[in-house]
Structures are given as C-alpha cells and as structure tokens.
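K.L.:
Here are the chains, one letter per residue:
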Amino acid sequence: MKPFKHVLAIITTLTLFSCSSDSTSPDTEKPTISIVKPTDEQSVLSGENLTIEIAFSDNVELASYKIEIHYSGDGHSHNRLNSQNEDIPWNYHSEGNLSGKNDIIHSTVQVPINAEHGMYHFGVYALDRAGNQNIQWVELDVEHE
Amino acid sequence: MYKHLISLLFAVMGYCGYSQFTLSGTIVDAEQKPVSGAVVQLGQHQTSSSSEGFFTISGLSKGNFTLSVTHINYQEYLRIIELKSNLHIKIQLLPKLNLLEEVAVNSTSQTIENTEKISNASITTNFSGSLASSLENTAGVNAFRIGSGAAKPIIRGLGHNRVAVAVNGIKHQGQPWGSDHGLEIDAFSTEEVEVIKGAASIRYGSDAIGGALVIKNNSAPQKDSIQGNITLLGRSVNQTIGAAFDLKERKNKLFYKLSASYLDYGDLKTTTDTIVYLTRNIPIHNRKLKNTAGMEWNAMGQIGYMGENYQSTFLLSNNRTKAGFFPGAHGVPELNRLQDDKNSRNINYPYQQVNHLTVQNSHQWNFSENKVSIALGYQNNRRQEMSEFHTHYANQNTPESHSDVELDFNLTTWSADTTLMLHHSSFSQTELGLQSHYQQNTIKGYNFLLPEYKQFATGMFALHHYKLSNQIKFNLGVRYDYASISLSGFYDTILYDYLTSQNYSQEIANQYALRSPELSKNFSNLNGKMGLLYTPDEKWSVALNLGSSFRTPTAIELGANGIHHGSFRHEKGDSSLNSEKGYTADLQIGFSSDKFRIGVNPYLYYFSNFIYLKPSGAFSILPHAGQIYQYAQTRALLSGGEFESEITWNRFQTTIIAEYIYNKQLKDNYPLPFTPPFNLYTKVNYTLIRDSKHLKNTEIYFSGKYFATQNRIAQNEEITPASFVMDLGFSTTFKFGKTTPKLILSVQNLWDTHYYSHTSFYRALEIPEQGRNIQVMLQIPF
Numbered sequence: 001m002k003p004f005k006h007v008l009a010i011i012t013t014l015t016l017f018s019c020s021s022d023s024t025s026p027d028t029e030k031p032t033i034s035i036v037k038p039t040d041e042q043s044v045l046s047g048e049n050l051t052i053e054i055a056f057s058d059n060v061e062l063a064s065y066k067i068e069i070h071y072s073g074d075g076h077s078h079n080r081l082n083s084q085n086e087d088i089p090w091n092y093h094s095e096g097n098l099s100g101k102n103d104i105i106h107s108t109v110q111v112p113i114n115a116e117h118g119m120y121h122f123g124v125y126a127l128d129r130a131g132n133q134n135i136q137w138v139e140l141d142v143e144h145e
Numbered sequence: 001m002y003k004h005l006i007s008l009l010f011a012v013m014g015y016c017g018y019s020q021f022t023l024s025g026t027i028v029d030a031e032q033k034p035v036s037g038a039v040v041q042l043g044q045h046q047t048s049s050s051s052e053g054f055f056t057i058s059g060l061s062k063g064n065f066t067l068s069v070t071h072i073n074y075q076e077y078l079r080i081i082e083l084k085s086n087l088h089i090k091i092q093l094l095p096k097l098n099l100l101e102e103v104a105v106n107s108t109s110q111t112i113e114n115t116e117k118i119s120n121a122s123i124t125t126n127f128s129g130s131l132a133s134s135l136e137n138t139a140g141v142n143a144f145r146i147g148s149g150a151a152k153p154i155i156r157g158l159g160h161n162r163v164a165v166a167v168n169g170i171k172h173q174g175q176p177w178g179s180d181h182g183l184e185i186d187a188f189s190t191e192e193v194e195v196i197k198g199a200a201s202i203r204y205g206s207d208a209i210g211g212a213l214v215i216k217n218n219s220a221p222q223k224d225s226i227q228g229n230i231t232l233l234g235r236s237v238n239q240t241i242g243a244a245f246d247l248k249e250r251k252n253k254l255f256y257k258l259s260a261s262y263l264d265y266g267d268l269k270t271t272t273d274t275i276v277y278l279t280r281n282i283p284i285h286n287r288k289l290k291n292t293a294g295m296e297w298n299a300m301g302q303i304g305y306m307g308e309n310y311q312s313t314f315l316l317s318n319n320r321t322k323a324g325f326f327p328g329a330h331g332v333p334e335l336n337r338l339q340d341d342k343n344s345r346n347i348n349y350p351y352q353q354v355n356h357l358t359v360q361n362s363h364q365w366n367f368s369e370n371k372v373s374i375a376l377g378y379q380n381n382r383r384q385e386m387s388e389f390h391t392h393y394a395n396q397n398t399p400e401s402h403s404d405v406e407l408d409f410n411l412t413t414w415s416a417d418t419t420l421m422l423h424h425s426s427f428s429q430t431e432l433g434l435q436s437h438y439q440q441n442t443i444k445g446y447n448f449l450l451p452e453y454k455q456f457a458t459g460m461f462a463l464h465h466y467k468l469s470n471q472i473k474f475n476l477g478v479r480y481d482y483a484s485i486s487l488s489g490f491y492d493t494i495l496y497d498y499l500t501s502q503n504y505s506q507e508i509a510n511q512y513a514l515r516s517p518e519l520s521k522n523f524s525n526l527n528g529k530m531g532l533l534y535t536p537d538e539k540w541s542v543a544l545n546l547g548s549s550f551r552t553p554t555a556i557e558l559g560a561n562g563i564h565h566g567s568f569r570h571e572k573g574d575s576s577l578n579s580e581k582g583y584t585a586d587l588q589i590g591f592s593s594d595k596f597r598i599g600v601n602p603y604l605y606y607f608s609n610f611i612y613l614k615p616s617g618a619f620s621i622l623p624h625a626g627q628i629y630q631y632a633q634t635r636a637l638l639s640g641g642e643f644e645s646e647i648t649w650n651r652f653q654t655t656i657i658a659e660y661i662y663n664k665q666l667k668d669n670y671p672l673p674f675t676p677p678f679n680l681y682t683k684v685n686y687t688l689i690r691d692s693k694h695l696k697n698t699e700i701y702f703s704g705k706y707f708a709t710q711n712r713i714a715q716n717e718e719i720t721p722a723s724f725v726m727d728l729g730f731s732t733t734f735k736f737g738k739t740t741p742k743l744i745l746s747v748q749n750l751w752d753t754h755y756y757s758h759t760s761f762y763r764a765l766e767i768p769e770q771g772r773n774i775q776v777m778l779q780i781p782f
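Chains as they are written, first to last, in the working numbering: chain A, 1 to 145; chain B, 1 to 782.
The hints are simulated quantities; they were obtained by calculation from the structure and are not laboratory data.
Any given hint might turn out to be false.
Said to hold, decoys possible - Straight line, CA to CA, 30 Å or less: simulated DSBU-like cross-link-like pairs of lysine-lysine:
(1) A/K30 to B/K664
(2) B/K667 to B/K696
(3) B/K667 to A/K30
(4) B/K90 to B/K322
(5) B/K251 to B/K614
(6) B/K595 to B/K521
(7) B/K705 to A/K101
(8) B/K288 to B/K322
(9) B/K614 to A/K30
(10) B/K90 to B/K539
(11) A/K30 to B/K90
(12) B/K696 to B/K664
(13) B/K683 to B/K216
(14) B/K581 to B/K216
(15) B/K521 to B/K664
(16) A/K101 to B/K521
(17) B/K454 to A/K101
(18) B/K521 to B/K322
(19) B/K683 to B/K735
Said to hold, decoys possible - DEER-style ranges, computed between Cβ atoms:
(20) B/N281 to A/V60: 26 to 32 Å
(21) A/E95 to B/L666: 38 to 44 Å
(22) A/E86 to B/T272: 19 to 25 Å
(23) B/S484 to A/G96: 55 to 61 Å
(24) B/A722 to A/H144: 36 to 42 Å
Claimed, not checked - Chain A regions said to be covered by chain B (calculated; three or more residues, Cβ under 8 Å):
(25) 50-60
(26) 104-114
Glycine included, C-beta positions come from ideal geometry on N, C-alpha and C.
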C-alpha cells in the first residue's frame, strides 16, 4: 500500500494547488448600455437633428464608447447596383471616453438631407477598463417629408 | 522463531538456485507492423508490448507455459511454450474478422505514453454527427461543436491548432484556425483511433501540444478473405438519413478496400422558441435553427501488396461537406432573414462547402527485426463560404462573376515522412524519423480574411525505448524542427478609398487597408521528452511523462488585420510572434483487476509563450466592429486531472469518468477561453442476453453527463450554467444463419433538456444545444 500513500499525497497537493482561489479575480463583467434616445424604431426625418442619450454603468470602471449608424436597408443585402436616386446611405461614427462606474452621453447629430431613406442600425459599443465589451442596437427609420 | 527464518532462508535460496530464463518476442499484425499495447500473459506473469511490439518476461524457470496475447483489435493468440533456455519468438496477430464483433469498450494499454485506443465499433455506436463528437466521452476529450454536423477535438481544453490530427501517420492539413470549421474525416471508415493526451511533439511535430488524434484506416485485411458492411442511419434531431458501405478483399499478397458514406440532414432542432441576443428577441420558428441543414459524402479506395519483407499501399479518399450557417451568426441578426422559409432541408445563403482530397502512398521494408518505412502524401483542402454579395463599402461593386463567393481558400500540402526502427536487443530499440511538408494557400472571393502563403517545414527525431526490467520501461526522445512561412501581402484599395471618403486621414486609412503584410519568417524548435512506466505487479501501473511541445504561429496570427466573421471580431496579427512553447508533466496511476479498473491522471502544463487574442481597448473604425483584438504572447498555466473507473459486476458494467481543468494566462490571470468546466460522466450498461439462438450481445444502457457551471471565463465570454443530460440506448446483434446484423437504438438528451455548452461556436449567440435525438443504426456485415 506504500505506493498508494505516495499517490494520494501527490493528488492532494495538485488538487490544493488547482483549487487555490485568486486574491483578485479578474473582471469579466461587461459594462451595461442603456440607449435612452433614440428609442427602438424611432422615426427621424432627413435634415433633422437626432438627439442621442445613452447611459453606461460598470462594476469596476468604464473606459470608452463608440456610436455607429449605418444603413441596413432590407436585410443587409447592400446591392449597390440598385441605387437609382441621388440619396446615399448615411454612415455615422463617433467615439469618446467614459469614466467612473456610471456615465451618460448626450449629443445631437444631424441626419444629412440626402440620406437614403429606410431602416438604419443605431449601435453603441462600450468598453470597461478590463477590456470587457458590450453592444446594443436599436433600429432607426429615416424618412423624407 | 529462528526455525521459521532458517526454513524461509532455505526456501529463498532454493528458489534462487533454479536457472532463470527469459522469454522475449515481437508482436506484429497481418502486415508486419508492430502492435503496441498487446497484453501478454504467461502463467502468472503479465506484461504488455511496447510501441515496437516488443515484450520480455524474465525470471522464468524451465517448463511448459500457456502464452496468451490479447488486444482489442485482434483475435486472441494462444500457444503452448516449452521453455528450456532463453527464447525469442515472433507472434503475428490476426485482425478480428468483423470489427463489429468487438464490444464497444475503450482500452487503456500499458504504454508509457498517455494514450487511449478507441475501436471503430465504439466510434460508430457513439456517432453523434461527426468523428470529434463521437469521442466526447473519452476522458480528457471534448468537442468544439459547430451546429450538428461539424466538430473539432479539444484535449484538456486545448483545441484548434493545439491538437495534431494524423491519418495513417500523415498530419491532416485543413484550415484548423477557424472556429466554424470541422474535421474533414469520415467517422465510418476509421479502423482505429488513438487519443494521445499531453505533448506528442516528438512524433508529430508542431501543433501536438494538447495531444494528438491518431487515426488509422489503411490496415490490410486478413489473408484470403472478402468482407464488407452496410450501415444505415437515421437521426431525428435533424432528420438525418445516412448510409455507409465498405468492402475489402485480399487474395494472398494483394488486397483492395473500398468505402463510401453519405449523410443528408435538415435544420437542427433545439430546445427554445426564442433567443435573447443583444437584448433583442430572435424567434426560432418550430424550434429549428434555420439554414443549419447540410450534407456530407465520403469515398475511399485503397490497394496494397503484403509481402514477407516488403509491404506497400496506395490510398485515395475524398470528403465533401456542404453545411448552412444560421443567418443570425454573421453580424447583427435581421428578423426578416430569420423568417420561417417553410423548408427545413434547403441550404441557402450563407453556407460553407469544403472538399478534402487525400492521396497517400506508403512503403515498408523489414530487415530481420529492423524496419524502414516511407509515407508520401498529397492533400488538397478547398473551402468556400458562399453568401449573397454584401459590403459596407459604397465603392465596392458586385463582382461580375461568382458574386456569391465570399471566401475561397485552396490549400495544398505535399508531405514525405521516413521512419527507421532499429532493434538493438529485446530490451532496447531506437526509432529515427525525418518528416517534411510543403504547403501552399491561394485565395479568391469578394471578402478578404486569410492571405496567400507558402510554408515549408521539416523535422527530425530520435526516440529511444529501453526496458530496464520486467517492472520498469522508459523512453527518451529529441526532435528538431525547422519551418519557414512566407505571406503574400494584401492591400485593400477599396477600403482605402472608402475610408478616405469618410474623412479618415490617409495614415489611418493606410493602416486599415494593409490587410496582410508581406512577411517571411523562420522558426527553429528543439524539443525533448522522457517517459517512464513502472508496473510493480499485474495490477498496478504508474507512468510519468515529461516533455516539451511547440507550435509555429499560423498565417492569421502573424498577419491578420480585419473582421473575422467567424468570431465576430476585428483581429490583428503580430508579425513578431515566436513559436508557442509548452512544457508538460503527466502522471498516470492505474489499478486494473478482473472486474475493476481505476485510473487517476493529474497533469500540469506551463507555456512560456502562449499565443492568445488580447482585447486592445481601442475601437476599430470598421463598421460592425467593436474593439480590436490583438494577437499577443504571454506565459500561461494549465493543470487538471482525469479520473476513470470501470466496475463489472454480474451483467452490469458501470463506467465513471470525471475531468477537471484549471488554466490561466499569467499576464493578467484571465482563464483561457473555451475551457470545458468540471464534468462527470456515468454510464451503466446491462447485458440482457450474452449469446442465445437468434440474439447475442443484447444490451441496454443509460448514461448521464453533468457539467458544472463554467464561471472561470475569459473576457467577453459568457458564464455557462450547469447542465445534466441523460442518454438511453439499446443494442443487439441478430443471428440469421451466417449474417449477423447489429441494431443500435439510442436516445440522446432523453428529457429534451435546455442547456448550453461552453465549447460551442454558437454559445456567443445564446443558442442552446440540440434537443432530444432518437437515433437508429443498422449495421449489416456480409
């Protein structure tokens, strides 16, 4: 039974080693994003100003955000050969820094007068200090008068 | 008291006074190839054959003994040995006439390396859509699943480019870096599968860090025989209909083998009506994942010559797969793309199709106990991803032709391997090898992901085996590898024009437009290993393996720059990456008796240079991209253990397997992604009828697999809740005269449990695992 005793000792050591908890567990919690404005499927006229309000929060510390607006058309088949008129799909992007555990972004963006009308994706990305990322999307309906 | 001691002393002296002889031998199969792990029993002595097929039993006295040699893939060999002096014999094992006659049990042979052999019967009866997923209930092995028809093996949490897959000794060269690619190998035509856990770098070179999956399907049939099988398969979870056929014939020295299989399946049935992804409710109509239908066909032909001192085979095989992608898996899920199309078998855009062609030619010469073998191989892997033309860049026009080919990769590999087996004595053998391959990748398609590249690699190794005594065997190995890769640069002028039109500076537009740099790089690696096996008696065994392993970085890790739709991220390569380097310590302790078997297997890996994707914290300016993930290197640690136990009592056989993995990269202590959590598998098998007039091997089983919550996650992974899933099965072999068809009925996920798998490609989309599956398989040998 002597080999068994040695074996048990080795297993116990390895188990204890692997079960040791880290004093500082790395942060894997994503920041939360709350898109207050625009609301989902909100309509906006081309040429008008779009109000943006987004609330962020994180368990440790927020780092940065990115807003992206792009044309989604009818199911993401961007077939360029179909474009007949003068309107062009609108592309908007902006980035900024965030700080603390809670932060809010307020801004306004002008929808170009020649923006192609239809459905757009309004997306927000957020990063926390540890690199955890979250994404949120709402749909935006750009119309002509 | 002294009287007893003196008589004991005389007895001992008397025993020692007898002459001691040694019986040694070589065990080979029908084609003179060595058989390792065969159990050799002589009277009360038991040992097992080494990787060269050698065994020795010493300390024997004169007399007659019954020698028995057994191995799961061969018929039992019995012989009466008359021992008058030291004797060396040669034993040839005959293959089991019908592979299906074996009991579907895995065997852990007493070899130094940590290997587990899985029979063809076990793979086909555990078939659950692909070869890799059929191996999931092997201790230490998990499958990285991509829907229902494709999976890749994970050994101890390490997968993709960290598990080497070899077919008949030649490394399988597909595109393993992708998370949505499976293993292009036919599960039905495999004859023997060996899982090597831990560093297997000496024989397999780069990528054998977690271990290796060694597949053999080129063995020669038994002399003067003709035999075949027809298999029919049906699976309810995705309405699979499948059939497989194989035929092999040998007349004296010449033989041929043919096999083919075909699988056709529809959309995968899951356990939910809606998925919540990015706070949006995504409907799953009829609980079926839209567009996950697919098909696969395989064909293989082999001819060979088996002479006394020369054997040669030529093999040609082709695997073709076509499988749809769930439309919600690429980019932001669009509700109108997920509408029910009322057809669960059609394969629409987006889908992938792969064709893998293999040509192998091998030769072997025997010179008394020495052997020389040469294996030449050619592989072509053509992978296409088809999707209706789409782009975010207004200035990119629809291609005039092939406007639906998004990605098209053509990977060709030529390989040549030579091995020399030198037999110095029955106690000492040396294996020498030289392996090289040349690989070329060309690309097409309207989207760019992977650059064109050329790669040349060569390695040479020496592995020395030594048997110190009946109780102690050890081996020592060393290997040197040289690899050189050259990537063709790719500059995306369309992207450059688009970005400058969006008012980005020329400098930034330039950075993003250089999708892959022109790069030439060499890698040199030296690795070694030491293994020891101690078997104090027939019941106990202790094996220790210490070794180093490596892998050269892939073209993507060195030169990527852009969105990888398979992982939904902007990935950026690093041309300064060095080879990944690991050090392993693996200990196996086993006890095996007639009715009871138990094994404990703790292990430890240390990586001095682990390549991983680090979230950079900087946003990509590309549409639909979050932050940039940068390939980087760091030190990492991986440890864990496996526990296996098998108890046979009357007609019951109980199997218990438990696995645990603990790992982290040492830069900022995050665990490694896609690490399987602690899991426990239990199976109870009951034999109803062993052998009767019309039935034999009639068995039923039920099994349960428990996965603990995986809350040790890397950044941007989800915590996967615990799950417990049960399976039920029934199998029997019928006896109709000379025909013995086998019927296997199984129900997987008996209770239609709603659960997630941490190692699933679709986990990130909150898609649960498949629902209840009722499977029927009929195997008819002829």
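K.L.:
Next, verify each hint and record whether it holds.
P.N.:
Status of each hint after checking the structure:
Annotation: proposed proximity of A/K30 to B/K664 holds, straight-line Cα distance about 19 Å (limit 30 Å). Only pairs whose Cα atoms come within 30 Å are accepted, and B/K667 paired with B/K696 is rejected, the gap being roughly 58 Å. A distance of roughly 20 Å separates the Cα atoms of B/K667 and A/K30; the hinted pair therefore holds under the 30 Å criterion. With a C-alpha separation of about 48 Å, the suggested pair B/K90 and B/K322 falls outside the 30 Å cut-off, and the hint is violated.
Of the pairs offered as hints, the one joining B/K251 and B/K614 is violated, with about 59 Å between alpha carbons and a cut-off of 30 Å exceeded. Between B/K595 and B/K521 the CA atoms are separated by roughly 55 Å; this puts the pair beyond 30 Å, and the hint is violated. At most 30 Å may separate the alpha-carbon atoms for a hinted pair to count; B/K705 and A/K101 exceed this at roughly 40 Å. With a C-alpha separation of about 18 Å, the suggested pairing of B/K288 with B/K322 holds against the 30 Å cut-off.
Only pairs whose Cα atoms come within 30 Å are accepted, and B/K614 paired with A/K30 is accepted, the gap being roughly 16 Å. In summary, the hint linking B/K90 to B/K539 is supported, as the alpha carbons are separated by about 26 Å, within the 30 Å threshold. Distance restraint check for A/K30 and B/K90: the Cα-Cα separation of roughly 65 Å exceeds the 30 Å cut-off, and the hinted pair is therefore not satisfied. The straight-line distance between the Cα atoms of B/K696 and B/K664 is roughly 49 Å, outside the 30 Å bound, and the hint therefore fails.
For the given pair, B/K683 sits about 27 Å from B/K216 by alpha-carbon distance, which is consistent with the 30 Å threshold. Taking the CA atoms of B/K581 and B/K216, the gap is near 28 Å; set against the 30 Å cutoff, the hint holds. Distance check on the hinted pair: B/K521 and B/K664 sit about 29 Å apart at the alpha-carbon level, within 30 Å; holds. Of the pairs offered as hints, the one joining A/K101 and B/K521 is violated, with about 45 Å between alpha carbons and a cut-off of 30 Å exceeded.
For a cut-off of 30 Å, the pair hint linking B/K454 to A/K101 is broken: about 49 Å separates their Cα positions. At most 30 Å may separate the alpha-carbon atoms for a hinted pair to count; B/K521 and B/K322 exceed this at roughly 35 Å. A threshold of 30 Å between alpha carbons decides the hint, and for B/K683 with B/K735 the separation of about 27 Å falls inside it, so the pair holds. About 30 Å separates the C-beta atoms of B/N281 and A/V60, a value consistent with the hinted range of 26 to 32 Å.
Look at A/E95 against B/L666: about 31 Å separates their beta carbons, and that is not inside 38 to 44 Å. Taken as a hint, the range 19 to 25 Å is violated for the pair A/E86 and B/T272, whose Cβ atoms sit roughly 45 Å apart. The hint said 55 to 61 Å for the Cβ distance between B/S484 and A/G96, and at roughly 45 Å that hint is violated. Judged by the Cβ atoms, the range 36 to 42 Å given for B/A722 and A/H144 is violated: they are separated by roughly 53 Å.
For the region 50-60 of chain A, the proposed coverage by chain B is not satisfied: 0 residues have a C-beta within less than 8 Å of a C-beta in that chain, short of the threshold of three. A stretch counts as covered by a chain when three or more of its residues have a beta carbon under 8 Å from one of that chain; for the region 104-114 of chain A and chain B the count is 0, and the coverage is violated.
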